[in-house]
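Q: Kindly generate the complete structure, drawing on both the sequences and the hints.
As a plain string of letters, each chain reads:
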Amino acid sequence: MMELSNLYDDFRNPDTIKAYARKIALLAKKLDRDIGIMEVCGGHTHTIMKYGLPQLMPKNIDFIHGPGCPVCIMPKERIDHAYALAMQEDVILVTLGDMIKVPGSNGSLQDARSKGADVRFVYSPLDTLKIAFENPDKEIIFFAIGFETTTPMTAALLDVIIKKDIKNIKLHINHVTVPEVMTTLLVDSEDREVESRIDAFLGPSHVSVISGSKIYEPFALQYGKPVVVSGFEPVDVMQSITMILEQLLEGRSEVEIEYTRAVDRDGNKEAQKLIEKYFEKAPAFLWRGLGEVAHSSWKLKDAYSAYDAEVIYDAILPKEQCMDHKLCLCGEILKGMAKPPQCTIFGKLCTPSNPVGSCMVSSEGACAAYYRYGNL
Amino acid sequence: MVKTITLAQGNGGEENNELISKVFYKAFKNEILQRSEDAAVIHNGELAFSTDSFTVSPLFFAGADIGKLAVCGTCNDLAMMGAKPKYLTCSVIIEEGFELESLERIVESMRHELEVNGAIVVSGDTKVVPRGSVDKIFINTTGIGEITKKGISSNNITCDDVILVNRDIGCHGATIFAAREGMEMSSALKSDCNSLYPQVKALLDANIAITAMRDATRGGVAAVLNEWAKQSDVCIEVTEEKIPVSDEVSGICEMLGFEATALANEGTFVLAVKKEDADKAVEILKSFDVCAKASIIGSVTSLHPQKVVLKSGWGTLRFLETPNGELLPRIC
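In order, the protein sequence lines correspond to chains A and B.
FYI, numbering that gives the first Met the number 0 numbers position 333 of the first sequence as 332, with every residue one higher than the one before it.
FYI, numbering that gives the first Met the number 0 numbers position 198 of the second sequence as 197, with every residue one higher than the one before it.
What the hints contain is simulated information worked out from the structure, not anything from laboratory work.
A hint or two may mislead.
[To be verified] What follows is a set of in silico ranges between Cβ atoms, one per label pair, in the way DEER data are often shown:
| no. | chain 1 | residue 1 | chain 2 | residue 2 | range |
| --- | --- | --- | --- | --- | --- |
| 1 | A | GLN54 | B | GLY96 | 54 to 64 Å |
| 2 | B | LYS25 | A | ASP136 | 24 to 34 Å |
| 3 | A | SER104 | B | GLY96 | 33 to 43 Å |
| 4 | B | LYS148 | A | GLN54 | 50 to 60 Å |
| 5 | A | THR15 | B | GLU94 | 51 to 61 Å |
| 6 | A | THR15 | B | ASN43 | 24 to 34 Å |
| 7 | B | LEU302 | A | ARG264 | 24 to 34 Å |
| 8 | B | LYS2 | A | LYS166 | 29 to 39 Å |
| 9 | B | GLU282 | A | LEU326 | 53 to 63 Å |
| 10 | A | ASN105 | B | PHE59 | 35 to 45 Å |
| 11 | B | ILE19 | A | LYS166 | 39 to 49 Å |
| 12 | A | GLY346 | B | LYS25 | 46 to 56 Å |
| 13 | A | GLN221 | B | PRO304 | 26 to 36 Å |
Owing to the predicted nature of the structure, the values given are computational and were not obtained by experimental measurement.
Think of the CB as a built atom: it goes at the ideal place given N, C-alpha and C, for glycine as much as any other residue.
A: Have a look at this one:
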């Protein structure tokens, strides 16, 4: 019988990791400058820190942590929406994982729960159906978050809601997309400095399973930055770094796929169709620390506004702009301009059990990963 | 803002410790309590005394039920101080409407587990509360044990000790998560819930030089190692590959995004043993069926005092932190 461990053992093999470390050291000697590689996705940040990969890198290779953690980029304004919805009578607010820990202006969803709100987390958006079925006299609001990876699951949920005519589930959509924010990091004129620090990208894994690697082609072709779509295991990341170094040394800038066991150029077309059926690009989304980024998120099409909690509950949703804690560096960290230990409140005022900024909340956030694993 | 208690404050990890020290230790402060041992050592070091309340959902799960858990939990805390469990009390709070047959099953497994420990229940209390006031049944047990080896303490660990676990870790936590998530696992995964006194007795009978023992319940092995590092002001260096984890448990961790070291156990304990006795201790443990994977997992040093360092197979180091927050699944 095949064991689950067969699927990942090879990708955590110590000898393979050590062999790649030697190869990277050899290639790095040929570089004529220091280079920065941005891992866009928080899942990669977590892998890199958990497996201590910076300790295996030569001095002239630096990991720059990117904005790809769906919890980290959620601005307080949106969390305040979730909090306000959860505090309504007869509402069950459902969301994914770490979202319940992020502090908004009034506290986190966890705090809302301890004050009597019914807040639940699910592994899959479709689990919301069960909650709705068991609580016919409650309104279930699914607070949908995540990048391209989780968007099709929310679309699938809406698909079932419509087909089965389920009356008591509404959606609050916070789905964001990767390419627009990557572009922002490269072209925003105020952030010229950022652009020059990023020499190449480690492309997200699960996002690319849905969207395909084609979404990164402009970065290679127009901006001349190599992109390697990498898997989440340490061997994947080490191999991807090798591929990036080879591109840089050979003067190439292409989109390559290391994570070939799950990603191709075109992605999952069925999932893409499902997204396009129900969603359209919103004019802009406010990213924590990065500000408004045009066309970087989805909203429900007007035809489906009867399911849109943001429309239905418009009257009770707070509209005030929120200020982040003035010492919190999350914005700079999400842009790759600062590393967590440079933040004066890191590990002191701001810890995983008492997070000030969102990067300290999710295990995919750079601050949480540095705090937890120590960057020894 | 009115502060209210969150679930995270009952996680056996960081928030839990903070709540205990800021509210309870502050009010009840005394020398015995402050030693923060699994069981209090009282009566001139002759007796160990401990209490624990049990609430678990589901009540019956692969490998045990709340009744077995309630006896093992308290008896294990006594055994961890080198004590033979002797007398227990048993208090139950039952929700109106609870099935009598389930209650009888629970009490029967308590009876069986008491026998394993050679302990008896000598006092009890029963309350029935209106529907909705508790989740089915809560059980509290309190126990007294007779200390057979004095001086076992998690405040005395030094660089002369090595760190062991008695078996593969995380089975109880993984089983409960799998049951709660309705994951159909056609596997051998079951809770490790078990009385530890027989294993402790075997080690003590062989005169193994044990410095400290602690059962790795909520917060898992990671919490125990961190508590020890702080209490004894040492660095504990653990070799990741040496920590025994079954394929079933790694599978659940992989799917849900947990670390086995943070998962709860109910029949797994960590030991600090003098170097020269370590191999013999492993050998004795391995004579128990459930301890086939007993292993030396680390050493005690002064590298990063009060911290636990995890060493990977490819030479990198990282901290192993006290688990914090509620255990939550990752998003993508």
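Q: Now tell me, hint by hint, if it's right for this structure.
A: Hints versus structure:
For the pair A/GLN54 and B/GLY96, the beta carbons lie near 57 Å from each other, so the given range of 54 to 64 Å is met. Between B/LYS25 and A/ASP136 the C-beta distance comes to about 43 Å, which lies outside the given range of 24 to 34 Å. The hint said 33 to 43 Å for the Cβ distance between A/SER104 and B/GLY96, and at roughly 41 Å that hint holds. Distance hint check for B/LYS148 and A/GLN54: the Cβ-Cβ separation is about 42 Å, which falls outside the suggested range of 50 to 60 Å.
Here the CB-CB span from A/THR15 to B/GLU94 is close to 54 Å, well matched to the stated 51 to 61 Å. Under the hint 24 to 34 Å, the C-beta atoms of A/THR15 and B/ASN43, about 58 Å apart, miss the expected range. A hinted range of 24 to 34 Å is violated for the C-beta pair B/LEU302 and A/ARG264, which are about 47 Å apart. In this structure the supplied range 29 to 39 Å holds for B/LYS2 paired with A/LYS166, their Cβ-Cβ distance being about 37 Å.
Look at B/GLU282 against A/LEU326: about 55 Å separates their beta carbons, and that is inside 53 to 63 Å. The beta-carbon spacing between A/ASN105 and B/PHE59, approximately 40 Å, falls within the hinted interval of 35 to 45 Å. Distance hint for B/ILE19 and A/LYS166: a CB-CB separation of about 45 Å, consistent with the stated range 39 to 49 Å. Take A/GLY346 and B/LYS25: their Cβ atoms lie about 25 Å apart, and the range 46 to 56 Å is violated.
Separation of A/GLN221 from B/PRO304 is about 52 Å and departs from the stated range, judged on CB atoms against 26 to 36 Å.
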